[in-house]
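Asks: Sequence:
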Amino acid sequence: MYQRLPSWTLGFHGTDESTVQKILNDKSGHVEQSRNAWDWLGNGAYFWENDPTRAFQFATSRMKWLGITDTKPAVIGAVIDLGRCLNLFDQPGLVELKAAYKSLEDDAASVGMPLPENHGKTPDRIFRRLDRAVFENLHLIRSFLRYDAYDTTRAPFMEGAPLYNNTSFRERNHIQIAVRNMACIKGYFLPRGL
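Under this note's numbering, the residue at position 80 of the sequence shown is numbered 96, and the numbers go up by one with no gaps.
Honestly, the hints are just simulated from the structure, not real lab data.
In this text the structure is predicted, and so the values were computed from the model without any measurement.
Ideal placement from N, C-alpha and C gives every residue a C-beta, glycine not left out.
One or more hints might be untrue.
To be verified - Per label pair, the in silico range of CB-to-CB distance:
#: 1; residue 1: L131; residue 2: G209; range: 39 to 45 Å
#: 2; residue 1: K88; residue 2: N189; range: 39 to 45 Å
#: 3; residue 1: T69; residue 2: S44; range: 25 to 31 Å
#: 4; residue 1: G209; residue 2: I84; range: 22 to 28 Å
#: 5; residue 1: D86; residue 2: K114; range: 43 to 49 Å
#: 6; residue 1: E187; residue 2: E121; range: 28 to 34 Å
#: 7; residue 1: L161; residue 2: P130; range: 34 to 40 Å
#: 8; residue 1: S184; residue 2: L161; range: 33 to 39 Å
#: 9; residue 1: H46; residue 2: S184; range: 32 to 38 Å
#: 10; residue 1: G203; residue 2: G176; range: 27 to 33 Å
#: 11; residue 1: Y163; residue 2: P130; range: 24 to 30 Å
Take the sequences, apply the hints, and build the full model.
Replies: In structure tokens, the structure reads:
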């Protein structure tokens, strides 16, 4: 009932200069939807909500991981209508996600398969295979029940080292948006100040 958020938001996607130019110069161009096995929120085009700086940090790190040297890191901004949003700031979204986990756990147990695991070298466990499986199961359940599909997913992430002793605030806390319905992206722009 309250899954439609009545506003647009700005999202920022970290990528490289050539990809930014391709999207800006092709009227039908879009940020690619990610389908990696470790994507935190399942399939979708990923954006940092209102945080171009964090998007640029990611783009820079990603290029180092992949050894990309022939282009520079860049950020593209997007105007996003969140539409029907799986909002993990609200109790209904959290309850639905927990139920999707329980369903996945029961299904795996019934066929004797282990659940995927989140892992990584840091406590953040940035390779989130379990989380991805839970989100994709949630979308599958909604489709099976003929519920309206979610257009976007919006979630807080606590990431990085603590800002200071005895706190839960982290160096790279952010709000992540995964856009599943690309019609929710109303336009792209170059952010100022980067």
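Asks: So which of those numbered hints doesn't the model satisfy?
Replies: Those not satisfied are hints 2, 7.
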